[in-house]
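Q: Work out the full structure, taking the sequences as your base and the hints as a guide.
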Amino acid sequence: MDQQLLAKTFVELADSLVADFDLIDFLRLLTDRCVGMLDASAAGVLLADQDGKLRVMAASDEQVRLLELFQLQNDEGPCLECFHTGAPVIVHDLTREIDRWPRFVTAAHRSGFGAVQALPMRLRDHTVGALNLFRAAPGPFDPPATLIAQALADVATISLLQQRTAHRSTMLNEQLQTALNSRVLIEQAKGKLAERQGIDMEQAFSALRGYARSHNRRLADVARAFVDDSEPLAGLCV
Amino acid sequence: MEPDSRSARIQVLVAEHAARRGVRVGVADVCSAAVATLPVGGAGLSAMSRTAPNHPLCSTDDISEQLEELQLTLGEGPCVDAFLHGAAVLTPDLLTRDLQDRWTVFTEAALAAGARAVFALPLQLGAITPGVLNLYAHLPVRLNADELADALAFADLATLVLLDTRITETGYPRGGSVEDLGANRAEVDQASGILTVQLGVGIEEAFVRLRAHAYARGRRLAEVAADVVARRLRFSPDAEPDQAEEET
Chain F
1 MDQQLLAKTF VELADSLVAD FDLIDFLRLL TDRCVGMLDA SAAGVLLADQ DGKLRVMAAS
61 DEQVRLLELF QLQNDEGPCL ECFHTGAPVI VHDLTREIDR WPRFVTAAHR SGFGAVQALP
121 MRLRDHTVGA LNLFRAAPGP FDPPATLIAQ ALADVATISL LQQRTAHRST MLNEQLQTAL
181 NSRVLIEQAK GKLAERQGID MEQAFSALRG YARSHNRRLA DVARAFVDDS EPLAGLCV
Chain X
1 MEPDSRSARI QVLVAEHAAR RGVRVGVADV CSAAVATLPV GGAGLSAMSR TAPNHPLCST
61 DDISEQLEEL QLTLGEGPCV DAFLHGAAVL TPDLLTRDLQ DRWTVFTEAA LAAGARAVFA
121 LPLQLGAITP GVLNLYAHLP VRLNADELAD ALAFADLATL VLLDTRITET GYPRGGSVED
181 LGANRAEVDQ ASGILTVQLG VGIEEAFVRL RAHAYARGRR LAEVAADVVA RRLRFSPDAE
241 PDQAEEET
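Chains as they are written, first to last, in our numbering: chain F, 1 to 238; chain X, 1 to 248.
It should be emphasised that the hints constitute simulated quantities derived from the structure, not laboratory data.
Hints may be right or wrong, so weigh each one.
[Claimed, not checked] Covered stretches of chain X, as calculated for chain F (at least 3 residues, CB under 8 Å):
(1) 30-37
(2) 85-95
(3) 118-126
(4) 136-142
(5) 187-193
Source: prediction; values computed, not measured.
Glycine residues also receive a C-beta, built at the ideal position from the N, C-alpha and C atoms.
A: The following block contains the structure:
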């Protein structure tokens, strides 16, 4: 692993945590760095709602096929297992697990993935979600990379607490709820922008993020204003 | 939906309340089931909007009714804050100085009406924010993690029930049950966004039309949403979704 990249990533993530904090943007950055640094092909952060259903909070690619692969794990797959046991689930060769998770393995294979890791996001004695890493090629994961992935999962968990709600809420449930609702906003905005501009979901996400960054606003606020038509948002749409 | 999940359990409870009244599930049943499940004395629900006047929809007792009307009239209180901030407002005891400062008139009036604890849970699906579920208790009470999760699940169900009442009779779910959003949330939310453009309507109307389409065809919401996102299905403002395109 590239030591310099590792150091740079931690500096970057720490900076984002103390600066004007935007949860969605931060988690996307984290998934991007998992891909860049940890020899992963795709990464996602999944959070459990109050129903115990895993929902995607961030992904290294916003295309629907990857989101589906994460969501599919509400029925079966490494994330579900990781979430239930609170322990990492590491699969070197997915083809060997076809009996264990027939639907998941088939879908992962179709998307071009051969190996997968799910690392628990733990907060005190709760598991609140999982960091899910996919790799195209089967084969063992580098043990130090797994340790770093777990550290990144822990950073993702901490970032959830960084999100301040209006009433200094101390209840974890509510904070998760607010976080999940921001993600719903992003999806609604992606759909609207993609349809209006004739672009794909990843391009729509990038455009929203770019607008939020250049105007120093939270991504979820920009998404809401766009979906509600409550502001002109000049420059977001051509 | 897992049969033992929280949302499934709560949906059954609410359906039982509706069955007892001999009607199809409405927001009143969500309120009465919430009162039967949580350590609260009453519940009420208000329709809220940034652009239209707010109004109370139902309440389980006189105190709840008073609390709903007070807040909508005064424009202050937990219900108003929950709506504006899109986050639950939990007030285990109204007799705290801080709150008396925040909601000067409401706090006094609510205490006089007989409420001591009030909880307001926003109904929301992203930018869709049709109302707030309000709960109160006669005595100070703190909801534990499990009770709060139940309360949030009641609010989620109330959101779907409330939005489904906007679907016309003919398009209403067969068997009268409310379909939850299932695991494929991303597609449902993206499809709602796509429909705002195809139909030229707001996000709430877009979501309602998506569900109405699924109900009318007896299809699962997630499947219809996936078709919209994959561009296999297009909606148009003055017609039923394009059949020709739907079949290609």
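Q: In ascending order, which of the hints set out earlier in this document are inconsistent with the structure?
A: Hints 1, 4 contradicted; others consistent.
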